[in-house]
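From first to last, the protein sequence lines stand for chains F and P. Residue numbering for the first sequence follows our numbering, beginning at 1 and increasing consecutively. Residue numbering for the second sequence follows our numbering, beginning at 1001 and increasing consecutively.
Take every hint as true, because none was put in to throw you off.
Below, computed lysine to aspartate or glutamate pairings styled on EDC-like, alpha-carbon distance capped at 16 Å:
hint	chain 1	residue 1	chain 2	residue 2
1	F	K70	F	D54
2	P	K1112	F	D38
3	P	K1070	P	D1026
4	P	K1109	F	D38
5	P	K1055	P	D1031
6	F	K9	F	E24
In short, the hints are calculated from the structure, not lab data. Note that the coordinates shown come from a computational prediction; the quantities given were computed from them, not determined experimentally.
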Amino acid sequence: DGGITQSPKYLFRKEGQNVTLSCEQNLNHDAMYWYRQDPGQGLRLIYYSQIVNDFQKGDIAEGYSVSREKKESFPLTVTSAQKNPTAFYLCASRLAGTDSYEQYFGPGTRLTVT
Amino acid sequence: AQTVTQSQPEMSVQEAETVTLSCTYDTSESDYYLFWYKQPPSRQMILVIRQEAYKQQNATENRFSVNFQKAAKSFSLKISDSQLGDAAMYFCAYRSEGGAGSYQLTFGKGTKLSVIP
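With the hints as constraints, model all of the structure from the sequences given.
Here it is, written out as structure tokens:
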């Protein structure tokens, strides 16, 4: 079955440690996105990538980094510079090159930093 | 930058009744897409309905329909014959073109819908 996987579902880290969240898709989608969701805040865009080896900052990129070495994968690293990293993180993808409108979302990763 | 406002943080509806969720947005663009996403307790985001700004006809998907008022920049979602499975967070979203056709989504803060049996 095609889809987007994010692992793990729950992730716990100590303050000061970097942590990498996984996002894999087998939909052959070109564009991939990372969003952060906080209570009462909706979804906010962290980074996005249109093609392999290229990505752009979203609205809240500070303290985060990404890579896009493969079309299927778009991992997000939450660095120790992120002041408030505890949140729910959602990955999404979209078929680019057409007027495709829908972003397909993964199941999300809940990150807790203490 | 575009903004999306959902003025109702929480709403409730009796099962089988109709409820309308409000959304307004601010943009200087003339061509765009609007969406309603549903996020149930599982937290999986599910597309409910979309509206192309150039279409005057309101979109409908089974029990879900929208009231799109372009001049007023309003995009409300009507859920008819509400079911227990409709209980979720609902997010309104605007699709902007963030350079090189990236089609970024801007989300509202959401409305939590409860369905009363």
